[in-house]
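**Student:** Below, each chain spelled out in residue letters.
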Amino acid sequence: MSLYLFALLAFLTLAGGLGVVSTRNVVHAALYLLLSLLAVAGIYLILFAEFLALVQVLIYGGAVVIVVLFAIMLTRSSEYPRISDNRQWPLALVAALGLLGVLAAAFLAAPIQITQLQSPDFTALSGSLFTKWAVPFEIASLVLLVALIGAIIIARAGKNER
Amino acid sequence: MGITDLLIILLSLAALFAGLTVAVLGLIWLERKVLGRLQQRLGPTRAGPMGLFQPLADALKLILKEDIVPSSAEKAVFWIAPVIVVLSAFVVWVTIPASHTLVVENLDLGLFYIIAVSVIGIMGLVMAGWGSANKYGTLGSLRAAAQLISYEIPVIMVVVAVAMLAQSMDLRVIVERQGSYPFVLLQPLGLVIFFIAGLAEVGRTPFDIYHAESEVVGGPFVEYSGAHWSVFFLAEYINTFAIAALTTLLFLGGWAGPLLPPIVWFLLKTLAVVLVVFWVRGTFPRLRIDQLMAFAWKALVPLSFYAVISTAIYQFYGWPAWSLSLMSLAGLLAVGYLVYQRMTGPARRVAQVRARQQAAMQSRRSGISGGPVAPPAAQTPSAPGQS
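Protein chains in written order, with the working numbering: chain A, 56 to 217; chain B, 98 to 484.
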């Protein structure tokens with residue numbers, strides 16, 4: 056049962072990813088990206104990582120894709136069917152294949168020991184996140200804060216020039 | 098998982114769908130009646146006793162109407178958008194318990210699940226607006242995306258505060274923790290923020306600028322007609338009902354209550370919240386888009402952070418319960434005072450100017466009537482400047 060589900064979800068993930076790079080329409084690309092990200096959330100679900108799946112839906116499926124669409128619609132509303140020119144596709148192909156190679160090599164070099172299926176308790180997860188992994192967590196939030204401040208500064212700079 | 102389990106899940110989903118449909122029909126009738134009374138009308142009276150069959154007639158009319166797809170629309174996106182909106186509205190209900198046992202599938206992360214899934218509905222609105230290849234539709238869906246993402250933040254923060262109070266995200270546990278007193282007594286500020294931001298999330302009247310008829314002629318729904326449009330309508334009412342039910346579960350003690358069975362208490366409390374929603378709709382004018390965004394970012398977001406921080410202080414130091422109520426109420430009162438000052442500011446300024454003019458006029462008149470004064474020619478030019 057879970058094998059079939061995984062096959063379906065993996066197919067959807069890959070199809071979405073292919074759609075993102077092959078479609079000529081930027082909005083369609085964003086929608087394919089949504090499909091791909093939601094299918095990844097489904098894969099997390101069949102791995103019993105419910106919290107991760109919900110975070111994936113909330114952050115990537117919801118917020119990120121909506122902001123991407125928002126930006127597309129706001130910036131280029133004049134050219135209605137938006138055509139993207141994929142002139143950099145050979146470079147992107149090399150980068151993607153390189154990443155795939157690194158991932159596959161890492162996976163083959165250090166095979167993951169399947170020890171035990173367990174669904175992590177939510178309170179245990181948050182407990183370890185805020186005690187054992189508190190510093191990486193804070194660093195991640197610091198990075199977000201810096202990005203936020205940077206965005207505000209860029210936006211203000213544009214205002215002063217006008 | 099056996100066949101019987103699957104069958105049970107399917108049956109309970111079907112029952113949930115049937116229940117929600119009946120609830121939506123009831124809500125439509127109630128809203129038309131209540132709005133009618135608020136506006137000194139009768140509301141529907143013709144179809145059935147007290148117009149009870151009016152929603153059925155509406156639904157039949159909508160289904161029989163021609164379903165038009167604009168020729169320049171993106172067909173696939175146009176078709177799938179209403180499905181996404183209604184699915185996200187429906188799927189939220191899977192984990193909302195109507196009583197301790199009456200729930201399709203209780204989840205440990207129920208609250209988080211509800212928030213995560215409801216975000217997908219925003220996506221549906223954006224797709225609807227863009228897919229219909231209409232300027233008003235695109236504008237409306239841009240507004241919808243901006244509004245719903247902004248108001249998502251206070252909702253999430255208040256939900257975090259409630260989860261901290263209950264020490265759980267499980268909706269059943271949250272209701273059980275309110276056994277001695279509902280959380281509205283502990284965190285009244287949270288209730289107010291959640292209700293207001295929830296109204297905005299649903300897009301009901303003070304916050305319905307993204308599908309306002311007078312500005313963007315229906316926004317994302319502008320090209321939809323017939324059954325497709327009715328699907329959006331259905332989703333809006335399911336969402337309204339969900340916000341009312343969540344307000345009940347998170348702040349008003351859920352199904353707890355004396356004498357009557359739990360489900361009746363749940364429905365009564367939810368109905369009370371729904372009536373407040375309709376009342377708000379009949380009372381307040383629509384907010385402008387800039388006011389709407391400013392209100393979210395300048396008022397609700399800081400306030401929701403205040404709610405979380407005050408809850409955290411209360412939990413960490415183990416202060417008595419009334420201290421949190423006091424902190425929360427103080428925040429509420431401070432903001433209420435500020436909003437009052439802000440709202441009545443222009444009117445007060447106008448009144449001041451009027452009073453000054455009147456005083457000036459009176460002094461002039463008294464000057465003319467009695468005694469020697471400066472020549473009137475000197476005073477007339479200054480009059481237009483004052484007004």
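Check before you lean on any hint, since a few could be wrong.
[Stated by the list, open to error] Covered stretches of chain A, going by a simulated chain B footprint (3 or more residues, C-beta under 8 Å): (1) 82–90; (2) 123–129; (3) 182–196.
[Claimed, not checked] Anything over 10 Å on all C-beta distances counts as not near chain A; from chain B, calculated: (4) V180; (5) S238; (6) A242; (7) P285; (8) L384; (9) A409; (10) Y437.
[Claimed, not checked] Between beta-carbon pairs, the in silico distance windows are: (11) A:Y59 / B:P382: 23 to 31 Å; (12) A:V201 / B:A324: 46 to 54 Å; (13) A:L203 / B:Y414: 28 to 36 Å.
Source of the hints: derived by calculation from the structure; they are not laboratory data. As the structure is a computational prediction, the values presented were derived from the model and not from experiment. In this text, a Cβ means the ideal position worked out from N, Cα and C, and glycines have one as well.
**Student:** Each hint needs a verdict: does it hold in this structure or not?
**Tutor:** The hints, checked one at a time:
Here the stretch 82–90 of chain A counts 3 residues with a CB under 8 Å from a CB of chain B, which clears the bar of 3, and the coverage holds. Counting residues of the stretch 123–129 of chain A whose C-beta lies closer than 8 Å to any C-beta of chain B gives 4; at least three are required, and the coverage claim holds. With 0 residues bearing a CB less than 8 Å from a CB of chain B, the stretch 182–196 of chain A misses the requirement of three and the coverage assertion fails. No beta-carbon of chain A is positioned within 10 Å of the beta-carbon of V180 (chain B); the least distance is around 14 Å.
Not every C-beta of chain A lies more than 10 Å from that of S238 (chain B), the closest at about 8 Å, which undercuts listing it as non-interface. Once the 10 Å rule is applied to beta carbons, A242 (chain B) is inconsistent with being away from chain A; the minimum gap is 5 Å. At roughly 27 Å from the closest C-beta of chain A, the C-beta of P285 (chain B) stays outside 10 Å, upholding its exclusion from the interface. With a closest Cβ-Cβ approach of about 20 Å to chain A, L384 (chain B) is found to remain outside the 10 Å limit, as its non-interface label requires.
The Cβ of A409 (chain B) sits about 12 Å from the closest Cβ of chain A, beyond the 10 Å cut-off, so the non-interface label holds. In this structure Y437 (chain B) is separated from chain A by more than 10 Å, as the shortest Cβ-Cβ distance comes to about 31 Å. Taken as a hint, the range 23 to 31 Å is violated for the pair Y59 (chain A) and P382 (chain B), whose Cβ atoms sit roughly 54 Å apart. Roughly 49 Å separates the CB atoms of V201 (chain A) and A324 (chain B), a value that falls within the hinted 46 to 54 Å.
Against the hinted window of 28 to 36 Å, the Cβ-Cβ separation of L203 (chain A) and Y414 (chain B) comes to about 31 Å, which satisfies the hint.
Consistency note: the structure conflicts with the earlier hints numbered 3, 5, 6 and 11.
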